[in-house]
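Student: Heads up: the protein sequence lines correspond to chains A and B, in order. Counting in the numbering used here, the first sequence runs from 20 upward without gaps. Counting in the numbering used here, the second sequence runs from 2 upward without gaps.
In case anyone wonders, no lab produced these hints; they're calculated from the structure. Computed from a predicted structure; not experimentally measured. For every residue, glycine included, the Cβ atom is placed at its ideal position computed from N, Cα and C. Mixed in with the good hints there might be a few duds.
Okay, derived cross-link-like pairs now, DSSO-like style, lysine-lysine, Cα gap no bigger than 27 Å in a straight line [to be verified]:
#1 B/K188 with B/K105
#2 A/K260 with B/K135
#3 B/K105 with A/K30
#4 A/K131 with A/K228
#5 B/K75 with B/K65
#6 B/K111 with A/K316
#7 A/K182 with A/K260
#8 A/K55 with B/K65
#9 B/K111 with A/K30
Short, incomplete list of chain B residues facing chain A, as computed with Cβ under 8 Å [stated by the list, open to error]:
#10 G51
#11 I152
#12 Q153
#13 S170
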Amino acid sequence: MLRQFGRKVRKDWIRNRSLYLLVLPVIIFYLLFHYKPMYGALIAFKDYSPALGFSGSPWVGLDNFVRFFDGIYFWRLLRNTVLLSFYNILFGFPAPIILALLLNEVKNEKFKRLTQTITYLPHFISMIVVAGMITNFCMTTGLINDIIVFFGGEASPLLQNPKLYRTIYVASSIWQQVGWGSIIYLSALSGVDSQLYEAAAIDGAGKWKQLLHVTLPGITPTIVIMLIMQIGRAMSMGHEKTILLYNSATYETADIISSYVYRIGLLEQDWSYSTAIGLFNSLINLVLIILANRVSKRLTETSLW
Amino acid sequence: MKVRRSLGERIFQVCNYIILSALIVICIYPIWYVVMASFSDSNALMSHSGLLLAPLDFTVNAYKKVFENPMLIKGYANTLFILVVGVTLNMIMTSLGAYFLSRKNVLFMKPIMLFIVFTMFFEGGIIPFYLNLKDLHLTNSLWGLIIPFMIQTRNMIILRTAFSAVPESLIEAARIDGAGHITILTKIVLPLSKAMLAVIVLYYGVHIWNSWFWASAILRDRELYPIQLILREILLQNDMSSMAIGGDTGTQDAISQSIRYATIVVATVPILCVYPFLQKHFAKGTMVGAVKE
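Put together the whole structure using the sequences plus the hints.
Tutor: Structure representation (structure tokens):
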């Protein structure tokens with residue numbers, strides 16, 4: 020058995036030696052910039068200090084995790100992360116599907132292309148610029164307040180208001196991604212067999228029935244795959260947008276796990292503690308994506324792996 | 002087959018056009034506002050409220066101020082350096098990996114694939130990543146923004162799909178003629194995958210142009226700042242000192258508004274210039290990326 024395997028390896032080595040040599044830099048890259056940090060994440064179980072180094076720092080078991088779970092911010096962070104993510108999926112996930120369905124009904128090619136061109140555009144604008152625009156528009160003298168005043172409301176610094184933070188975050192995310200996100204559904208829609216529509220029409224199905232019985236089943240696999248990926252990323256809400264938009268007045272609703280990790284780790288340099296929180300977050304992400312994948316496999320026979 | 006349209010359907014069509022038109026306005030108007038505000042006189046802008054359809058007292062003063070800022074020029078140069086060197090290295094590494102992953106009859110393909118794909122689902126986190134960069138002496142250097150980001154796994158998987166589409170017979174024939182893998186990659190596989198290569202170049206390029214987080218985490222010298230960090234200072238940290246504007250605070254404040262908008266325009270124009278190409282090619286990538294791995 021072992022000898023057989025040895026022979027296989029030798030044969031493979033003779034045949035593919037140069038190929039392995041070719042991929043070696045790639046392997047080294049992954050080791051150095053993906054797996055070494057994973058190993059480095061073990062400082063979550065240590066009391067790491069740069070002076071002592073990785074091996075010199077003492078092990079402390081689960082102390083850092085316990086400190087996080089017992090800490091005053093734990094529930095707030097968890098709630099904020101889950102809620103922001105939930106709203107982002109609740110409103111952000113259907114938006115591109117609806118857009119794709121609407122676009123699919125447009126008969127005028129020119130208008131269709133114009134809509135696509137313009138709705139894709141925000142995707143390419145950098146987060147810094149988007150955040151800059153949001154900040155400016157939300158100022159007391161900004162565009163949004165001008166509109167609020169026009170309709171008889173009262174101007175206020177919107178980004179200082181914790182109650183509005185999630186709305187601003189989710190709405191601007193939809194603005195950024197709705198067009199771009201629709202591409203994938205449009206391509207799925209174009210793959211739906213047009214004969215099915217004709218057959219349905221002959222059977223007397225109206226537009227609405229066609230949507231329910233032909234279109235939606237046709238793009239369900241795509242929807243499911245996208246939903247799995249989104250749920251798998253649910254807890255990894257990016258810190259980038261958050262740290263650009265939040266401020267101490269809105270921490271109450273805005274501070275999420277990843278932004279907390281950033282603040283505690285990179286700004287306050289509490290290395291072990293922040294790594295532990297990050298690791299906790301990564302593990303939840305892994306579990307979420309595995310669960311979502313399993314559920315979808317059972318329900319729809321569509322899965323990531 | 003022409004089906005007679007019912008009344009309901011016609012109403013739907015009208016509503017559909019109205020909804021989509023509204024969406025167009027929502028998507029384009031903030032951008033339009035920024036451009037118009039950047040060409041506006043700052044005092045007029047300050048006292049103006051509500052929607053802006055055209056520049057108020059057209060002026061290019063804000064742009065003059067923006068280009069007088071040496072940091073902005075410096076930021077442009079830094080980003081350009083990262084862009085040119087980074088995209089080149091990215092493409093070399095990503096092609097190597099994608100080529101390997103597209104080969105057949107390789108004994109250790111599965112474990113290596115798993116080794117790579119696993120990193121899409123689990124990672125050490127930003128803190129260990131940062132400490133690792135420090136360990137490797139990549140902090141406070143532009144190389145720290147290039148080398149650790151040479152491969153994005155997603156892009157490599159997309160490229161692999163394109164490479165897999167190259168007919169195996171072509172590659173086998175070249176092998177029999179004694180061609181090595183480097184020759185096959187550069188002479189056969191890459192030329193046949195030009196469209197997808199363009200997409201990946203654009204993906205990496207836009208990503209580099211827009212990225213800022215790791216730059217803010219590892220760079221200490223302002224001399225090294227890429228354009229997005231300079232932008233961040235001007236837009237979000239209210240640090241107008243870098244603009245070196247004289248005069249009393251009143252005018253400073255007034256000028257700053259239109260300068261902010263002008264800075265946004267200056268930093269976004271390069272993306273808008275390549276946008277027509279982006280739109281055509283980018284869509285291809287998203288569709289391939291959706292194909293199950």
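Student: Now, for every hint given, state plainly whether the structure supports it.
Tutor: Hints versus structure:
no.	hint	verdict
1	B/K188 with B/K105	holds (19 Å)
2	A/K260 with B/K135	holds (24 Å)
3	B/K105 with A/K30	holds (15 Å)
4	A/K131 with A/K228	holds (24 Å)
5	B/K75 with B/K65	holds (16 Å)
6	B/K111 with A/K316	holds (22 Å)
7	A/K182 with A/K260	holds (18 Å)
8	A/K55 with B/K65	violated (47 Å)
9	B/K111 with A/K30	holds (17 Å)
10	G51	holds (5 Å)
11	I152	holds (6 Å)
12	Q153	violated (11 Å)
13	S170	violated (18 Å)
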